[in-house]
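Below, each chain spelled out in residue letters.
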Amino acid sequence: MEKFRVLIVDDEDDFVETMVKRLKSKGLEAEGVNRGHAALELLRHKEFDVCVLDVRMPGMDGIETLREMKKRDPSLEVIILTGHGSVESGIQGLQLGAYNYVMKPVPFPELLEQIVQAYERKVIEEERRQHRLVHDAPEL
Amino acid sequence: MSVYHRKLRCKMIVLTLSFSLIPLFVLGATFYYQFSSAYEGMVLESIRNRAQNRVSALELFFEERVAQLTVLVMNHSYKTLSDEEFLNQLFESMQSRSKSYTDLGLIDADGNHVAYVGPFYEKLKHVNYVHEPWFSAVMSSGLFISDVFSGFRKVPHFIIAVRRIEGNRTWILRATVNSDIIDKIVRTGQLGRKGDAFLVNYRNELQTSPRFSGELLSKPRAPDFSSTAGTIVEKVKFEGESYLFAASALANPRWVMVIREDLSEKMAPLFEASYLEGVIGGLGILLVVVGTLFTTRSMTNELIRMEHEKGVADHAMMQAAKMAALGKMAAGVAHEINNPLQIIGDQAGWMKDLLAEEEFRESANYEELTNCLKKIERNLERCRSITHRMLRFGRRMEPALEEVDVHSLIDETITFLENEARFREIHIETQYAEKVPHITTDRAQLQQVFLNIIDNGLDAVGRGGMIRVKTSYNSGIPGEVIIEFTDNGPGIPKDMLSKVFDPFFSTKPANGGTGLGLSISYSIIEKLGGKISVESDGKHGATFTIRLPVK
Numbered sequence: 001m002e003k004f005r006v007l008i009v010d011d012e013d014d015f016v017e018t019m020v021k022r023l024k025s026k027g028l029e030a031e032g033v034n035r036g037h038a039a040l041e042l043l044r045h046k047e048f049d050v051c052v053l054d055v056r057m058p059g060m061d062g063i064e065t066l067r068e069m070k071k072r073d074p075s076l077e078v079i080i081l082t083g084h085g086s087v088e089s090g091i092q093g094l095q096l097g098a099y100n101y102v103m104k105p106v107p108f109p110e111l112l113e114q115i116v117q118a119y120e121r122k123v124i125e126e127e128r129r130q131h132r133l134v135h136d137a138p139e140l
Numbered sequence: 001m002s003v004y005h006r007k008l009r010c011k012m013i014v015l016t017l018s019f020s021l022i023p024l025f026v027l028g029a030t031f032y033y034q035f036s037s038a039y040e041g042m043v044l045e046s047i048r049n050r051a052q053n054r055v056s057a058l059e060l061f062f063e064e065r066v067a068q069l070t071v072l073v074m075n076h077s078y079k080t081l082s083d084e085e086f087l088n089q090l091f092e093s094m095q096s097r098s099k100s101y102t103d104l105g106l107i108d109a110d111g112n113h114v115a116y117v118g119p120f121y122e123k124l125k126h127v128n129y130v131h132e133p134w135f136s137a138v139m140s141s142g143l144f145i146s147d148v149f150s151g152f153r154k155v156p157h158f159i160i161a162v163r164r165i166e167g168n169r170t171w172i173l174r175a176t177v178n179s180d181i182i183d184k185i186v187r188t189g190q191l192g193r194k195g196d197a198f199l200v201n202y203r204n205e206l207q208t209s210p211r212f213s214g215e216l217l218s219k220p221r222a223p224d225f226s227s228t229a230g231t232i233v234e235k236v237k238f239e240g241e242s243y244l245f246a247a248s249a250l251a252n253p254r255w256v257m258v259i260r261e262d263l264s265e266k267m268a269p270l271f272e273a274s275y276l277e278g279v280i281g282g283l284g285i286l287l288v289v290v291g292t293l294f295t296t297r298s299m300t301n302e303l304i305r306m307e308h309e310k311g312v313a314d315h316a317m318m319q320a321a322k323m324a325a326l327g328k329m330a331a332g333v334a335h336e337i338n339n340p341l342q343i344i345g346d347q348a349g350w351m352k353d354l355l356a357e358e359e360f361r362e363s364a365n366y367e368e369l370t371n372c373l374k375k376i377e378r379n380l381e382r383c384r385s386i387t388h389r390m391l392r393f394g395r396r397m398e399p400a401l402e403e404v405d406v407h408s409l410i411d412e413t414i415t416f417l418e419n420e421a422r423f424r425e426i427h428i429e430t431q432y433a434e435k436v437p438h439i440t441t442d443r444a445q446l447q448q449v450f451l452n453i454i455d456n457g458l459d460a461v462g463r464g465g466m467i468r469v470k471t472s473y474n475s476g477i478p479g480e481v482i483i484e485f486t487d488n489g490p491g492i493p494k495d496m497l498s499k500v501f502d503p504f505f506s507t508k509p510a511n512g513g514t515g516l517g518l519s520i521s522y523s524i525i526e527k528l529g530g531k532i533s534v535e536s537d538g539k540h541g542a543t544f545t546i547r548l549p550v551k
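Chains as they are written, first to last, in my numbering: chain A, 1 to 140; chain B, 1 to 551.
Please note that the accuracy of each hint is not assured.
[What the hints assert, rightly or not] Derived lysine to aspartate or glutamate pairs resembling EDC-like cross-links, with alpha carbons at most 16 Å apart:
id, chain 1, residue 1, chain 2, residue 2
1, A, 24, B, 353
2, A, 26, B, 353
3, A, 26, B, 357
Derived by calculation from the structure, the hints in this document are not laboratory data.
So that you can see chain B by itself, here it is in the shape it has in the complex:
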């Protein structure tokens, strides 16, 4: 493959690949981007919904508690509730529905525990709350929900306090609520292996016990969401891992619900999809590349084959055109030279005639002059043979067709050259195929060709050489007889192979070769509808092959 073809092939490969792969990449990238943003949107939406949902559940829980206490406070007077017996009954009826209350207490405007129901009677009955922050808060706003604290009992809980202004008396009903129920509500918001959910207060202290994010009442191992208003969803890189956080604020108490999710876990289906896309894309690219390479290879090979065929056809056509042109020229030159040759010959002959007369015979230079004339005549003869061969090469003679037995023709031709061959100790060997049919051709002209080729062979091989004439028959359509002349001479150099049929190309000009023998043979074989070709490796002889149609 030539550099040109290699370049062409590279160009084709690059072009085809870029035209097929660029759309593939664009499609893949667009698809991936669209899908991932849609999927991410879906994931964000789901976590946001979950956070809001949990907040609603918590708010409902608090509203229920507050409503229960408010109803209690509105429907009973200070007097009734200060009776601990009655308060106990009330507490038990509340407990029958929900075990979330730990104790219940009535507190007067001075902060004294007027009545108390609960497991810590001895401890709490005589506590005064007037300096507690929540006491002043509930006295001023009417309702107070505390943050979670472990209190005296080391059990996380919080209080709900409701104030009533009854005539000129102000009093407070205070309930302690177990916070494990809040934990339960919050925990339903956590999903997956690494999901977490918790509540923080406005000081960013944990109000529940999360799975991973820290201890109750400590700072959570998470970004600070304590000042969140409404609902936010954020992707956060935290402690070396990517998390998705949703935070949603409660109205009362001022807590923030936080849900944490592992991003990689949540995005796993997306990664799976993109992995699958990558695999399919990779296979597609492989297919395109293999297809491109295959197509390009077969296209370049086809191109090379066509170029080669065209080259061969062009070469044959050029050779034929060259032959025709040279033939015309040779004939023209020969004709122009023939007239002067004739005159020179006649003049020399005339001189010879004159010399033959008596008076010149006595002349001192008679011998010299006759010699001169003899030489002139001999060389004229040479010129004559050259111009005649040139004319023969150039003339367009219709071949006289007859049935010819190639084998007998070869044998006959060899007998012409037998003496010469024997003299030079050259062995001419024949190797005839059986059943070679007679061909219709011009016997004399074909013999001329055989003569030329064998004669050339004799000159080529030198003393002690060998020439083999081999025939074969190709019974195709049209059938053809193939005659091969192989010699074991020095061969023909590669760069000269294409020139051997050119007129005036001779390897033996010093020996009087005219360089016309093979070109005459070429034009004869062409005229007879056959083909003549030569092969040689430039070292071990040459083979001339003649293919003649049987007709």
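Next comes chain A alone, as it looks inside the complex:
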């Protein structure tokens, strides 16, 4: 599997810890924080490909964090984790540019698959942008 960078943001430390461990064991580069602010802080000096973001967190909630993330780096793919199955927050996330939303509890393989798919989309988007840049260059 291609090595890419995943950020886990969840107020459940145990969840973050295990996810990081398991993702690393799958050969990915993973890091986790338990607050929206901490995530934004981390993103300031480090780049990630995919972010798994919990909606319900103390302090800055997932939706707000997502909005801020997308403002700074639109190419970051975000998977929303919803705990209370509220489709609304999932849909809101999608409207703000999240890749998808996943309902807790989600089996690891499923989540991993989503993460991989998100990364693949990011790669495609990246290529398309590059292509567009190349293609559009003469006109500039």
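Knowing the structure of chain A, use the given hints to seat chain B on it.
Showing chain B alone in chain A's frame:
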């Protein structure tokens, strides 16, 4: 009808009856009392008047006789009258006017009959009256009217004697008067079938021959009125019967006129009136009672109907509120549990990942550990499905509306369960009405409901059972499609009927039922604007009925 309603009805009946009947009775009693006392007064007045009237007539009669004799005595001298020839002429002229005189006699101060005119000349001419009580009475008072007596001739009569003092001679003119004329005057006072009238003297001896009250000169069969002064009217119970007596005294002679009347005869019109009043009153009471019963019955029935309606509405509202509250709670609980479930799952997964590494494969308990993890994961999956269903029950999702053909939806749902049904030898039968319109609703959610209900049915009927799905269309306003799911299982006991839609109510907890299927169905149908209800006699299966608006 409950005990409460029966009591209420009794109270209403008693109150209404007493408020309407008491005034009726008071009115009736007052009316009767007033009328009867007025009528009685009238009757008493009439008999009193009659008695007084008769007394006046009698007194007039006596005054006339006395005046006639007095005139005779004053205008003729002893000498003239002692001539029997002249006395005879005089007697005849008196008789020409009235036949009431029987004889006429002149008596001297010694009691000898000086002259006599009459039919008993031989007998009476030589009688001496000096020892007769009336003789001394007339000699002292100047006038005497005797009581009636039958005398020698056995004919009732009385005498009137008038005295004259002419110079030094005192003499008496004595006339005998037939008393049948008095009888005639008295008799005009008697009225009715049982009325009677008579005269008594101061010794209470009859002076006339009454119809019923005894023989002449005997004691009358009546109370003793002989010492009456003036006029009295009395109601008397005599010889077992009620009579009305009026007694009025004459001045001279000292007789008393008595009129007797039968009270019941006299009061008959009053009895008739009171009988009529009774009949009218009775009819009135009957009307009031019937009216009260009718009104009270319809009022209680209306009350029961309203209470029932209110009960149904209250029940529906309570059910909805319960659902909302439970939905919120279920969602909250599910959410809180999901996080730890996630972590448990991840930890187990991590352990599995670690176990997959070479060094652990050699471990003695490798198999055991993998089994443990598998079981943990399997049960996590169960928990996950429960919390997801709870969330689904609790979430407020706007239904995605589309045109749905109920029949094809049912058919599709049945195909999902066909294998299961075939395996359990359960026959699912459909009975579709013609011309059922498409409805606008959420297809997926409605299917969820059908699935839940048919699935429940499959569990209920057991091997070899039957489930029938029947549709019908009610083209009212608004039109509605009715879908009935009937099974021939054991049914639902009456006390559980109201609970089947409650979350976590399950009849099959041992088989892993969550008790959420029907409550989810309930909230879905409510959200879709329909109604779901259940009926069961507790013995022969159950019927779930869904009513959905066509829109």
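These are the hints, each one checked on the structure:
1. A:24 x B:353: At roughly 11 Å apart (the allowed maximum being 16 Å), residue 353 (chain B) and residue 24 (chain A) satisfy the hint.
2. A:26 x B:353: holds, 9 Å
3. A:26 x B:357: Holds, because 12 Å separates the two Cα atoms, which is no more than 16 Å.
When each numbered hint is compared with the structure, no violation occurs for any of them.
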